Amino acid sequence: MMSSADAAPARPVPTVEPATRTVPQAELQRRIAGAVAGDDKAGESAGTAQLSDTTGDTRIDAQIIGGTQTGISTAPWMAQLWYYDDRGTAGESDDIGFFCGGAVVAPTKILTAAHCVRGYNWNANGAVVTGTAQLATGSDLHGGTVSGVWRQWNHPSYNAVTIDNDIAVLTLPNPVTAKPIPMTSSTDTASYKAGTSAKVYGWGRTSSTSDDISDVLKTATLPIQSDTTCSGAWGADFVKGHMVCAGTPATGSDTGTVSACNGDSGGPLVVGGRIVGVVSWGVEDCVAKGAYSVFAKVSSYAGAAYPRVEDTNINGDHRADLWVRQKSNKEGFSKNSKGTSFGARESWGNWDGVNVVLQTDLDRDGYQDVVYRVSSTGEVIWAHYVPSSGSWSYKTLFTGWGSRKQILAPGDVTGDALPDLLSVDSGGVLWIYPGRGNGSFNTRVQVGGGWTTYDYVRAHGDFTGDGKADLLARSRSGGYLYLYKGTGNAGHYAFSSRIKVRTWPTYKTFAAPGDVTGDGKADFLALSTAGNLYLYPGTSKTTSAIFATPVKIGSGFGIYDIFS
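Note that UniProt numbering has the sequence shown beginning at 1, numbered continuously upward.
A couple of the hints might just be wrong.
Derived lysine-lysine pairs resembling DSSO-like cross-links, with alpha carbons at most 27 Å apart [stated by the list, open to error]:
1) Lys179 x Lys199
2) Lys289 x Lys193
3) Lys508 x Lys327
4) Lys240 x Lys199
5) Lys327 x Lys552
6) Lys485 x Lys508
7) Lys338 x Lys508
8) Lys405 x Lys338
9) Lys179 x Lys395
These are calculated hints, taken from the structure and not from any lab test.
If you're wondering where the values come from, they're calculated on a predicted model, not measured in any experiment.
From just these sequences and the hints, can you work out the full model?
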């Protein structure tokens, strides 16, 4: 069923200009040097009235004391986040330079804390170092690699006063070779049981009496604490459900204290090979008697963060774009999303002889891929841009798929943080092809039969806001639209029992390109028999309110025979 052959029928593809994303290495080195010399703390410019500790000091620092040295082989996903803004003035008093930690959660994505991101221009002033356990010193990266930052996102409800919703994602211009670590899922409760052993990683302060951060990567083992314990220690400052605290009560001095500290901000708290927390805040100097380190609770933010990890699209912004083919001459076009409308179409040339086109990013390199099926042979081809060579490559993924009723690229269905493909065969059986993150797949897994009862099955992204890819299917009889909520598991239990969310017998076809509006929720497109295209903005609800009021995109879309 699968071929490793690289030769495959090519199609016209757009010109990619990666140079527009990148920052010269000399400039990145300058930023690191400036940040190394700086002594600011991330989040300070957002306001000084933060949380109160037990001593009444209003300065609470997002903060390893009592840890041990570790190597990059044990934490290959660790990232150093350097920020330096000289403010363009002659003096240095207003310069901003600070350091945060982060974790590679996809080849172009860094998970960190919102207080390290919000209010700062990382594209203009940031540098990210990966692949080394040694802290960068000036131009010496100690075997690591440095990248600029292409885009940044922080949780829209981040509060700089209460340090609530403290989670963010940085997008790099090109993929790094560091092995990613996945975030935990929204349904994870086991990782947060009191007493669970977790590990925190970072280059932060190793003593309450010195502001110096560590030259080498450190780690410490911290027991997860219950919400009751955390609330008892922090009172109203601890937001149950949004935060988790870990460790044993600090002793009041370095002796006997094991804690995250300044400079560890944004770094990961790890349980079972997944990130369950992001270093957020704690007491000034980190060792006040009875204090615990506080982390953003990642399970609560999976629905918000995962769409930002899987937001690759044609023109590279946060919004999913539309791909269409004109019936009359088989010319393909892309139309970039503008939020609630689409821009002017851009030609991709002749796409005759193709009957399926899917937008995806199978290798997670941050560049839009295309998967298409050749009408005459049933070959399924993967077209992907190769940044290192500046060219497109074509690979045959499957042969003999001419009878497949549906082919889908929903994203990560199996819960391993890698994008998958799905298909419905001629007998109505739904199959999952678990992706390996490089354009190849593990052995297919059967979900179940009966899927020929649907004339359209569409999927791309998370419709329910839990960070798991879902499916939408319309029945041939009655035109009922059903939601199949993803569970993050493979096989028969990949989706929950269907939920009827709409009755849509009159629409001609549908498309699920992903998050068109850019709000982190997957959206849906529906084409009427009159040729009117409607955008149904997602709401993350699992009822008939799954979509907000539709927006008419325009008329005349009946001229297209493929929507993706």
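Restraint status (C-alpha distance of Lys338 to Lys508 at most 27 Å): holds, 24 Å
Distance restraint between Lys179 and Lys199, which requires alpha-carbon spacing of 27 Å or less: holds, 18 Å
Straight-line alpha-carbon gap Lys289 to Lys193, limit 27 Å: holds, 24 Å
Restraint check for Lys240 with Lys199, where alpha carbons must lie at most 27 Å apart: holds, 21 Å
Lys485 paired with Lys508 [C-alpha distance capped at 27 Å]: holds, 24 Å
Restraint status (C-alpha distance of Lys179 to Lys395 at most 27 Å): holds, 24 Å
Straight-line alpha-carbon gap Lys508 to Lys327, limit 27 Å: Roughly 15 Å between the alpha carbons, so the hint for Lys508 and Lys327 holds.
Hint consistency between Lys405 and Lys338 [alpha-carbon to alpha-carbon, up to 27 Å]: violated, 32 Å
Hinted pair Lys327 and Lys552, Cα distance within 27 Å: holds, 22 Å
In this structure, only the earlier hint numbered 8 is contradicted, and the remaining ones agree with it.
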